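Protein chains in written order, with the working numbering: chain A, 75 to 439; chain B, 75 to 439.
Keep in mind the hints are simulated off the structure, nothing from the lab.
Incorrect hints may have been included.
Note that the list lumps identical chains together, so a pair holds whenever it fits in one copy or between two copies.
[Unchecked claim] Straight-line alpha carbon distances no greater than 25 Å define the calculated DMTMM-like cross-link-like pairs of lysine to aspartate or glutamate that follow: (1) K114 <-> D336; (2) K149 <-> D303; (3) K114 <-> D148; (4) K149 <-> D309; (5) K84 <-> D303; (6) K114 <-> D361; (7) K114 <-> E338; (8) K84 <-> E278; (9) K149 <-> E165; (10) K114 <-> D391; (11) K306 <-> E206; (12) K306 <-> E165; (13) K179 <-> E210; (14) K149 <-> D391; (15) K149 <-> E123; (16) K306 <-> D420; (17) K306 <-> D111; (18) K306 <-> D391; (19) K179 <-> E165; (20) K84 <-> E255.
None of the values given here were measured: they were computed from a predicted structure.
Protein chains: 2
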Amino acid sequence: MIAGARPTLKDIAVRAGVSVSTVSYALNEHSTLPLSDTTKATIRQIAREIGYVPNGLARSLQAGSSRTIGVLLDKPLTTPRYAAIVQGLSEGLTEQGLHLALLHKGPASQWVNAVRGYQLDGLIFIGHDDHEVPGELTELVARHGVPFVALDCGAFGEERPYSTVDFDYGAGVEVLMAELERRGTRIVYYLRPDVVSRAERIRERAVLAALGQRPEVALQVIPTGITADVLKRVDEDTDQQTAYAHEIVSRVEQALEADGTDPEHTTLLCSWGADVEAVYRVAQRRDPRFTVAGLAAGTLTTGLWPNLIYSRLPLEDAGRECARLIVGETSPSADHEHLLLPPVIDAGQIRNPETFARNRAADEK
Amino acid sequence: MIAGARPTLKDIAVRAGVSVSTVSYALNEHSTLPLSDTTKATIRQIAREIGYVPNGLARSLQAGSSRTIGVLLDKPLTTPRYAAIVQGLSEGLTEQGLHLALLHKGPASQWVNAVRGYQLDGLIFIGHDDHEVPGELTELVARHGVPFVALDCGAFGEERPYSTVDFDYGAGVEVLMAELERRGTRIVYYLRPDVVSRAERIRERAVLAALGQRPEVALQVIPTGITADVLKRVDEDTDQQTAYAHEIVSRVEQALEADGTDPEHTTLLCSWGADVEAVYRVAQRRDPRFTVAGLAAGTLTTGLWPNLIYSRLPLEDAGRECARLIVGETSPSADHEHLLLPPVIDAGQIRNPETFARNRAADEK
């Protein structure tokens with residue numbers, strides 16, 4: 075900003091021949107000081123003419139609110155999962171007239187103090203498989219009554235001093251297994267990461283339970299070889315992503331080689347959406363009749379690639395729900411809410427065939 | 075925030091038995107008022123004990139800076155291109171000690187006034203093929219000396235009242251065509267969108283120029299059928315994405331059917347990275363020897379899928395450069411900078427084989 079370029083209340087006062095406080099009263103919508111309508115109109119006219127802009131920080135200070143929500147995310151947006159969540163958050167916050175500030179790693183006290191110091195109105199924490207709200211942050215949030223929402227932190231059913239949104243991973247597994255059974259699957263190769271996380275345990279338990287109820291379906295586990303160390307490197311380096319993809323390819327090749335499979339009745343089930351692309355590549359190369367399924371969506375488009383099916387997490391919806399809940403949290407009387415969102419099956423079907431047909435027709439005109 | 079929960083200067087003053095202004099002076103690092111070291115120490119000790127947090131908005135108001143940069147993006151983060159740019163921006167701004175506020179559509183005056191009203195320190199505008207800085211925004215930025223950086227707005231070589239970062243689409247085409255020639259391509263099917271945008275015209279001119287210098291390579295154009303209307307629907311609706319993918323599939327099928335091709339020497343060249351997945355799917359189904367290339371990266375991983383090659387835009391780097399330039403723009407004496415970033419070839423090669431080998435070895439221990 076070029077110093078001095080910005081008109082001040084004093085500039086208006088000099089032109090109008092009144093005091094600075096009169097200008098201040100005239101421009102304040104909520105002022106109760108009696109000023110003649112003519113004086114108000116003259117002052118406001120001059121303000122418009124010289125391009126006066128009220129100091130937004132001063133207004134926020136007065137209101138004790140910055141209309142900004144801090145989003146705590148320690149994962150890259152280049153992972154589609156987090157981009158979708160932040161997109162939903164951004165849409166939801168915009169609808170509520172709030173701004174989104176993307177925050178990175180930092181001590182819990184820094185972010186809590188930003189709320190206590192009125193720079194942020196609240197915090198939304200985005201968790202993931204191996205990451206949930208740190209104890210120190212929970213303690214500070216509770217102690218200071220900070221408006222707070224935690225997403226995907228495995229909090230459903232637990233008492234927490236804030237609102238929560240979680241995904242129902244167990245229900246996602248059951249629905250997907252029922253669909254695979256309907257499609258004639260008799261053997262499931264379960265691609266399981268070596269990282270043992272909270273969500274991973276839920277999914278594994280659900281897979282075992284679903285197969286327990288379906289004794290005609292056999293289970294084979296293929297460990298994907300991803301440990302916490304490998305995951306960290308994959309997040310930071312595309313070379314490592316390529317290397318990891320090749321590792322998956324060779325592990326799946328070996329498993330299928332050893333068994334002599336029946337592709338028509340075999341599903342390769344990926345616990346992680348990020349593993350689907352490599353697994354699908356091997357399956358297609360060996361036999362296009364293999365089914366590949368993900369307990370979360372991968373980047374391959376269902377409907378374009380045959381025999382590909384996802385249990386898709388409602389990521390954008392979850393972001394929008396967090397935006398709605400943080401507004402509730404900023405009201406001192408509101409109860410905390412706890413949502414559990416079910417995944418949906420995505421096998422590439424057109425969801426709204428009527429709208430779709432209408433749009434195609436419009437194109438062809 | 076629970077009303078009254080936050081300790082005030084007055085709470086400290088009462089405990090310390092001094093006036094509120096003495097407390098204020100004692101807590102202000104820059105105060106020149108002489109206070110005894112003991113008084114200062116006592117007051118600061120009490121402030122710590124009762125958990126006093128300075129009002130961040132008041133500090134920002136005093137400094138005339140919010141340390142926050144507004145990012146203007148009218149595209150969804152679920153498009154990988156924009157997620158990568160925002161990731162780079164976020165990393166770059168964090169390194170500079172700045173915050174990132176994600177902004178949506180709104181009148182130009184709203185965002186310029188947010189800077190003039192000290193709520194934002196500057197603006198970064200993310201353009202794309204069919205979208206650049208609107209005239210009204212340019213005019214307001216110039217008039218008020220707003221710190222401003224425009225990314226991917228085709229501004230390189232033009233006089234602008236702000237800093238710019240652009241991609242060298244022409245150089246990307248030439249490098250890719252040289253690589254395709256090296257691989258023995260004799261026929262190029264050019265998948266060209268029906269939307270005619272600025273970047274599209276640059277790419278098309280470069281494709282024609284590159285082929286003009288290589289008379290032994292033949293060119294066939296396949297229009298992808300994407301108009302501005304279709305694009306808008308695809309951005310908003312996954313049904314439309316599936317429909318568009320099928321449209322591409324059938325257009326490529328028809329073109330290849332009609333011609334009787336020589337897969338080993340044929341490349342399907344996608345102007346848009348988003349078209350690569352559908353085109354690759356057809357090519358693989360017809361004959362795995364086809365080469366598929368993108369003038370921007372798609373979601374398929376090179377190195378995992380054979381005969382796939384991208385001219386990859388340095389999206390995260392561009393975001394980081396914008397973060398660096400906006401800091402320059404906030405200094406009143408700085409010149410505007412104009413960067414043109416070249417795309418790089420990505421055929422799935424490991425970029426740092428040494429690091430890669432070291433990490434693999436560490437894993438196996």
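How the hints compare with the structure:
In this homomeric assembly, K114 and D336 never come within 25 Å of each other (Cα to Cα): the closest approach is 83 Å inside a single copy and 79 Å across copies. In this assembly of identical chains, the alpha carbons of K149 and D303 lie at most 25 Å apart only when taken from the same copy (15 Å versus 34 Å across copies). Taking the closest pair of Cα atoms, K114 and D148 never come within 25 Å of each other, the shortest separation being 50 Å inside a single copy and 38 Å across copies. Within a single copy, K149 and D309 get their C-alpha atoms as close as 8 Å, and across copies as close as 24 Å, so both meet the 25 Å cut-off.
Taking the closest pair of Cα atoms, K84 and D303 never come within 25 Å of each other, the shortest separation being 60 Å inside a single copy and 50 Å across copies. In this assembly of identical chains, K114 and D361 lie within 25 Å of each other by CA distance neither inside one copy nor across copies; the values are 79 Å within and 77 Å between. With identical chains, the CA atoms of K114 and E338 are never at most 25 Å apart, being 80 Å at best within one copy and 78 Å at best between copies. In this homomeric assembly, K84 and E278 never come within 25 Å of each other (Cα to Cα): the closest approach is 68 Å inside a single copy and 56 Å across copies.
In the homo-oligomer, the alpha carbons of K149 and E165 lie at most 25 Å apart both inside one protomer (20 Å) and across protomers (11 Å), since each shortest distance falls under that limit. For a Cα distance limit of 25 Å, the shortest separation of K114 from D391 qualifies neither inside one copy, at 46 Å, nor across copies, at 51 Å. Within a single copy, K306 and E206 get their C-alpha atoms as close as 16 Å, which meets the 25 Å cut-off; across copies the closest is 37 Å, which misses it. Taking CA atoms no more than 25 Å apart as the test, K306 paired with E165 passes between copies only; the shortest distance there is 17 Å, against 29 Å inside one copy.
Only within a single protomer do K179 and E210 lie at most 25 Å apart by alpha-carbon distance; the minimum there is 14 Å, versus 37 Å between protomers. In this assembly of identical chains, the alpha carbons of K149 and D391 lie at most 25 Å apart whether taken from the same copy (19 Å) or from different copies (18 Å). For the identical chains of this complex, K149 and E123 are neighbours neither inside a copy (47 Å) nor across copies (35 Å), given an alpha-carbon limit of 25 Å. In this assembly of identical chains, the alpha carbons of K306 and D420 lie at most 25 Å apart only when taken from different copies (22 Å versus 29 Å within one copy).
In the homo-oligomer, the alpha carbons of K306 and D111 never lie at most 25 Å apart, since the shortest distance is 65 Å inside one protomer and 48 Å across protomers. In this homomeric assembly, K306 and D391 come within 25 Å of each other (Cα to Cα) only across copies, at 20 Å, whereas the closest approach inside a single copy is 27 Å. Proximity of K179 and E165 under a CA criterion of 25 Å is satisfied in both settings, with 23 Å inside one chain copy and 11 Å between copies. Proximity of K84 to E255 under the C-alpha cut-off of 25 Å is found in neither arrangement, the shortest distances being 76 Å within a copy and 69 Å between copies.
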